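The lines below spell out each chain.
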Amino acid sequence: MPSNAAPNAKPVLTVKNLAVEFPVHKSVVHAVRGVSFTLSRGETLCLVGESGSGKSVTARAILQLVASPGRITAGEILLDTGSGELDIVKLGALGRGIREVRGRRIAMIFQEPMSSLSPVHTIGHQIVETILLHEKISKEEARKRAAALLDRVRIPNPEAALDRYSFEFSGGMRQRAMIAMALSCNPEILIADEPTTALDVTTQAEILSLLRELQRDRGMAVLFITHDMGVVAQIADRVMVMFKGEMVEQADVFDLFERPQQPYTKALLGSVLKLETPAPRPPRPAEESPIAEISDLSLHFPLNVGMLGKPAAYLKAIDGVSLTINKGETVGVVGESGSGKTTLGRTLLRIYTPTGGQVNYWRGDGVEVDIARLSKREMKSLYSEVRMVFQDPHSSLNPRMTVYQIISEPLRTNTAMSEREMRDRVAELLMRVGLPADGGERYPHAFSGGQRQRISIARAIALRPRLIIADEPTSALDVSLRHQVLDLMRGLQDEYGLSYLFISHDISVIRYFCDRVAVMKNGKIVEIGDVQQICERPEHPYTQTLIRAVPRPDPRLRLSAPA
Amino acid sequence: MSAPTEATDIEAGLLDQQLTAGRLQAAGQWTLFWHKFKKHKLAVLSLVIVGLIYFVALFAEFLAPQDPAKFDPRFTYVPPQAIGWFVDDGAGGSRFQPHVTGFDIKVDAKSFRRIFTPKPSEIIPIGLFVKGQSYKMWGLFDADIHLIGPLEKNKPFFLAGGDRLGRDLLSRTIHGTRISMSIGLVGVSLSLIIGMILGGISGYRGGLVDRVIQRVIEFIRSVPTIPLWLGLAAAMPKDWPPLQVYFSILVILSLIGWTEIARVVRGRFLSLRSEDFVIAARLDGVSEFRLIMRHMMPSLYSHIIAAVTLAIPHMILAETALSFLGLGLQPPIVSWGVLLQDTQNLRAITQAPWLFVPGICVVVAVLSLNFLGDGVRDAADPYAK
Numbered sequence: 001m002p003s004n005a006a007p008n009a010k011p012v013l014t015v016k017n018l019a020v021e022f023p024v025h026k027s028v029v030h031a032v033r034g035v036s037f038t039l040s041r042g043e044t045l046c047l048v049g050e051s052g053s054g055k056s057v058t059a060r061a062i063l064q065l066v067a068s069p070g071r072i073t074a075g076e077i078l079l080d081t082g083s084g085e086l087d088i089v090k091l092g093a094l095g096r097g098i099r100e101v102r103g104r105r106i107a108m109i110f111q112e113p114m115s116s117l118s119p120v121h122t123i124g125h126q127i128v129e130t131i132l133l134h135e136k137i138s139k140e141e142a143r144k145r146a147a148a149l150l151d152r153v154r155i156p157n158p159e160a161a162l163d164r165y166s167f168e169f170s171g172g173m174r175q176r177a178m179i180a181m182a183l184s185c186n187p188e189i190l191i192a193d194e195p196t197t198a199l200d201v202t203t204q205a206e207i208l209s210l211l212r213e214l215q216r217d218r219g220m221a222v223l224f225i226t227h228d229m230g231v232v233a234q235i236a237d238r239v240m241v242m243f244k245g246e247m248v249e250q251a252d253v254f255d256l257f258e259r260p261q262q263p264y265t266k267a268l269l270g271s272v273l274k275l276e277t278p279a280p281r282p283p284r285p286a287e288e289s290p291i292a293e294i295s296d297l298s299l300h301f302p303l304n305v306g307m308l309g310k311p312a313a314y315l316k317a318i319d320g321v322s323l324t325i326n327k328g329e330t331v332g333v334v335g336e337s338g339s340g341k342t343t344l345g346r347t348l349l350r351i352y353t354p355t356g357g358q359v360n361y362w363r364g365d366g367v368e369v370d371i372a373r374l375s376k377r378e379m380k381s382l383y384s385e386v387r388m389v390f391q392d393p394h395s396s397l398n399p400r401m402t403v404y405q406i407i408s409e410p411l412r413t414n415t416a417m418s419e420r421e422m423r424d425r426v427a428e429l430l431m432r433v434g435l436p437a438d439g440g441e442r443y444p445h446a447f448s449g450g451q452r453q454r455i456s457i458a459r460a461i462a463l464r465p466r467l468i469i470a471d472e473p474t475s476a477l478d479v480s481l482r483h484q485v486l487d488l489m490r491g492l493q494d495e496y497g498l499s500y501l502f503i504s505h506d507i508s509v510i511r512y513f514c515d516r517v518a519v520m521k522n523g524k525i526v527e528i529g530d531v532q533q534i535c536e537r538p539e540h541p542y543t544q545t546l547i548r549a550v551p552r553p554d555p556r557l558r559l560s561a562p563a
Numbered sequence: 001m002s003a004p005t006e007a008t009d010i011e012a013g014l015l016d017q018q019l020t021a022g023r024l025q026a027a028g029q030w031t032l033f034w035h036k037f038k039k040h041k042l043a044v045l046s047l048v049i050v051g052l053i054y055f056v057a058l059f060a061e062f063l064a065p066q067d068p069a070k071f072d073p074r075f076t077y078v079p080p081q082a083i084g085w086f087v088d089d090g091a092g093g094s095r096f097q098p099h100v101t102g103f104d105i106k107v108d109a110k111s112f113r114r115i116f117t118p119k120p121s122e123i124i125p126i127g128l129f130v131k132g133q134s135y136k137m138w139g140l141f142d143a144d145i146h147l148i149g150p151l152e153k154n155k156p157f158f159l160a161g162g163d164r165l166g167r168d169l170l171s172r173t174i175h176g177t178r179i180s181m182s183i184g185l186v187g188v189s190l191s192l193i194i195g196m197i198l199g200g201i202s203g204y205r206g207g208l209v210d211r212v213i214q215r216v217i218e219f220i221r222s223v224p225t226i227p228l229w230l231g232l233a234a235a236m237p238k239d240w241p242p243l244q245v246y247f248s249i250l251v252i253l254s255l256i257g258w259t260e261i262a263r264v265v266r267g268r269f270l271s272l273r274s275e276d277f278v279i280a281a282r283l284d285g286v287s288e289f290r291l292i293m294r295h296m297m298p299s300l301y302s303h304i305i306a307a308v309t310l311a312i313p314h315m316i317l318a319e320t321a322l323s324f325l326g327l328g329l330q331p332p333i334v335s336w337g338v339l340l341q342d343t344q345n346l347r348a349i350t351q352a353p354w355l356f357v358p359g360i361c362v363v364v365a366v367l368s369l370n371f372l373g374d375g376v377r378d379a380a381d382p383y384a385k
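Residue numbers (the working numbering), protein chains in the order written: chain A, 1 to 563; chain P, 1 to 385.
Think of the hints as simulated: they come from the structure by calculation, not from any bench.
One or more hints might be untrue.
[Unchecked claim] According to the in silico footprint, chain P covers these stretches of chain A (three or more CB under 8 Å from chain P): (1) 224-232; (2) 382-388; (3) 393-400.
A quick note: this is a predicted structure, and the numbers were derived from the prediction, not measured.
All C-beta atoms, glycine included, are put in the ideal place defined by N, C-alpha and C.
Using the sequences plus the hints, can you model the full thing?
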């Protein structure tokens with residue numbers, strides 16, 4: 001696929017030796033150091049990097065939107081205005097000059113469309129306002145233009161949509177509205193800062209194809225910031241890889257994926273591609289023995305409870321789910337946001353009490369119990385066998401306790417270990433999960449995200465559990481850390497004979513890690529089966545859409561934009 | 001394949017973009033708290049002032065030049081004396097001798113006012129750590145050393161002027177500091193206990209209990225405070241000893257003051273209850289008591305300190321208002337509010353503006369406590385961005 005840009009097109013934006021610094025605690029953090037790149041008309045440049053690589057700061061610097069106390073300390077950002085070059089760095093963050101550039105010449109869309117749109121104004125009001133700010137036309141004309149824009153981003157029934165509020169829209173619709181607003185003044189450059197990260201994978205696919213299509217029609221230059229190599233492969237013409245504020249490599253998308261030059265790029269791509277092939281797994285035994293059997297489980301939350309306590313409707317978070325987890329098996333649950341997968345995991349630990357169905361669990365001593373009906377006290381005895389790993393390692397570790405205190409907490413309440421024995425056990429656990437044994441005296445904030453997730457895992461395995469419910473354990477981590485955490489979990493599985501219920505929205509992680517997978521939608525399981533079969537020959541139409549929407553990290557497998 | 005060393009370097013870099021663990025990285029929460037607090041310059045200054053005020057309150061007897069009850073009708077509404085540093089040595093030169101000057105006192109025949117004119121010839125030498133009137137330090141042991149005073153006992157010494165009965169206003173204000181500031185502290189501890197228990201139950205239990213407690217709080221807050229204080233204060237028997245009145249005032253103030261703290265505690269409990277780390281602790285099998293005390297409370301300490309610092313000035317103002325209206329503390333107890341009663345007449349404003357000194361103290365104390373509370377609140381969550 002050739003690049004859309006003409007070979008020697010004059011760049012519309014040229015960034016030279018950009019540097020952004022943040023003074024923090026008497027020292028200075030160099031968020032961006034000496035970054036240079038150009039952006040031509042009709043071209044999509046992807047800025048890719050892990051968290052903290054400075055990619056978002058670079059994008060914001062272009063619009064002079066760097067958050068205080070950060071500031072641009074060096075470099076030039078040259079915008080080709082048609083009648084000469086304009087240095088945005090010299091314009092400063094305030095004043096008429098930069099306001100002329102923002103929105104008019106360079107527009108930006110953000111990651112979270114809910115917080116970028118005002119909840120107290122209608123969508124139409126906000127778009128019309130943007131148009132009127134930059135152009136002298138009548139209100140009616142502006143409104144007509146706004147409706148056309150909404151139509152262009154394929155929001156159904158655009159006239160009516162103008163009078164609705166952002167909270168009435170779904171995430172994907174909101175992002176479409178944001179795009180419409182960004183396009184309202186025909187900008188030459190569109191900066192998209194992780195515009196699809198907060199969206200479900202099917203919505204992401206729609207937004208990406210919309211962006212590609214709009215770019216082709218308008219010949220805009222697009223600067224696309226993302227951490228997802230799959231998205232890069234889908235949308236980029238050229239790619240710039242950033243690491244710790246510096247540019248690592250800049251190349252054509254095909255060159256980058258096929259012939260990466262720098263070791264960092266190789267390592268990054270390696271960790272992405274590693275997740276593309278399932279990890280080697282021992283074959284399942286012929287005779288499966290279940291550890292937990294969920295049958296017809298349901299959890300309905302009453303909605304709009306009226307005066308007499310009679311709910312008007314029920315939110316069916318889990319609606320008749322049946323699923324078996326066998327000993328030593330990893331069962332994945334995949335679904336988009338709101339599908340009830342997290343609720344399912346939490347219901348198994350009775351964080352929520354189910355409203356119907358049963359969960360038969362075979363305890364370590366061979367006794368079979370129904371988790372759905374256990375009393376609080378009986379449930380407590382199960383907490384040492386069934387453990388949970390949370391999604392966000394920042395919020396699941398108490399910031400006011402040391403790592404030793406956090407990991408020893410289950411030991412303290414469930415065993416009669418002495419303080420000395422606990423110290424030894426915690427040191428041993430820390431080593432097992434790949435952290436220094438003396439890290440116990442530190443607080444969680446002294447550790448990075450990946451390390452924190454290792455601490456969570458250490459806490460989960462402290463009691464030698466039999467079943468671990470892992471709720472998106474890799475979603476908050478950078479891609480290069482994901483397979484490391486998964487490999488650790490896999491190693492622990494072999495060592496302890498663990499079973500996992502692995503909840504994720506990310507198909508590639510599921511494929512890498514799981515034996516079987518259940519696809520959830522609206523509280524129901526739509527398809528369940530072997531992970532290979534689901535990923536390669538999905539039967540249910542929803543699964544097919546879901547699998548197809550996953551951006552593959554290979555630019556040759558690019559989805560063609562719908563006509 | 002690149003060289004193995006390079007590969008591991010990159011792998012390590014990928015594995016962990018952790019900064020080298022500096023002092024802050026490994027620091028405990030109080031270190032972080034202090035670090036953030038230090039940045040709030042106004043709050044640090046306020047902390048020093050509040051510290052000084054409480055120091056004054058603690059050593060009031062020693063710091064006050066005179067007994068607050070000692071009166072001398074000759075010096076009714078005597079103006080403040082200025083400290084002079086040098087005196088003539090009689091030989092044309094001068095020597096260092098801190099002093100104040102005495103007064104010529106005339107009584108105006110028409111208005112019966114006393115007119116004070118400084119008499120430079122009457123030098124009253126003053127010094128530090130002088131022997132003065134004896135007092136009982138903290139009511140425990142006898143002493144007679146004062147930080148500052150005239151070298152000769154019973155000479156007039158009024159750095160902040162005198163009041164209606166010729167009592168030293170400075171001494172009275174210093175003694176008033178003890179009562180006013182302790183009302184704040186003790187009253188708030190009382191409200192803190194009530195507020196934490198009721199707010200904690202309300203937030204942790206939720207449901208009906210929560211609703212009942214919240215409605216009670218709303219009811220209490222909706223009652224206009226001054227009439228309520230008046231009513232409660234009026235209900236106090238007039239023949240109670242001053243100390244008992246003092247404690248009753250405390251109880252009255254904290255019975256109303258606990259609502260704010262209860263709200264803060266409830267809000268924090270509500271949001272903490274659904275935090276992942278609290279759920280994680282519950283799944284660790286932790287008992288309910290330990291869950292609250294060990295896992296939830298530590299996240300609350302700093303917020304509670306902030307709420308307390310912000311509640312103290314309310315208490316002080318309330319006491320001042322009540323006493324000013326004559327319904328709070330009664331003489332002979334000296335508090336800032338009691339002292340301010342003297343400013344209720346016009347004569348004070350025209351003739352003796354120094355009677356407002358206790359008022360300035362109230363303003364300074366309340367302002368610095370408020371700034372301090374702000375600083376503590378901002379620093380309260382060292383993990384917030």
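Right, here's what the structure says about each hint:
Restraint check on the segment 224-232 of chain A versus chain P: 0 residues with Cβ-Cβ distances below 8 Å, three needed, restraint violated. For the segment 382-388 of chain A, the stated coverage by chain P is satisfied: 4 residues place a CB nearer than 8 Å to a CB of that chain, which reaches the threshold of 3. Counting residues of the segment 393-400 of chain A whose beta carbon lies closer than 8 Å to any beta carbon of chain P gives 6, which meets the minimum of three for the stated coverage.
Hint check: a violation occurs at hint 1 only; the rest are consistent with the structure.
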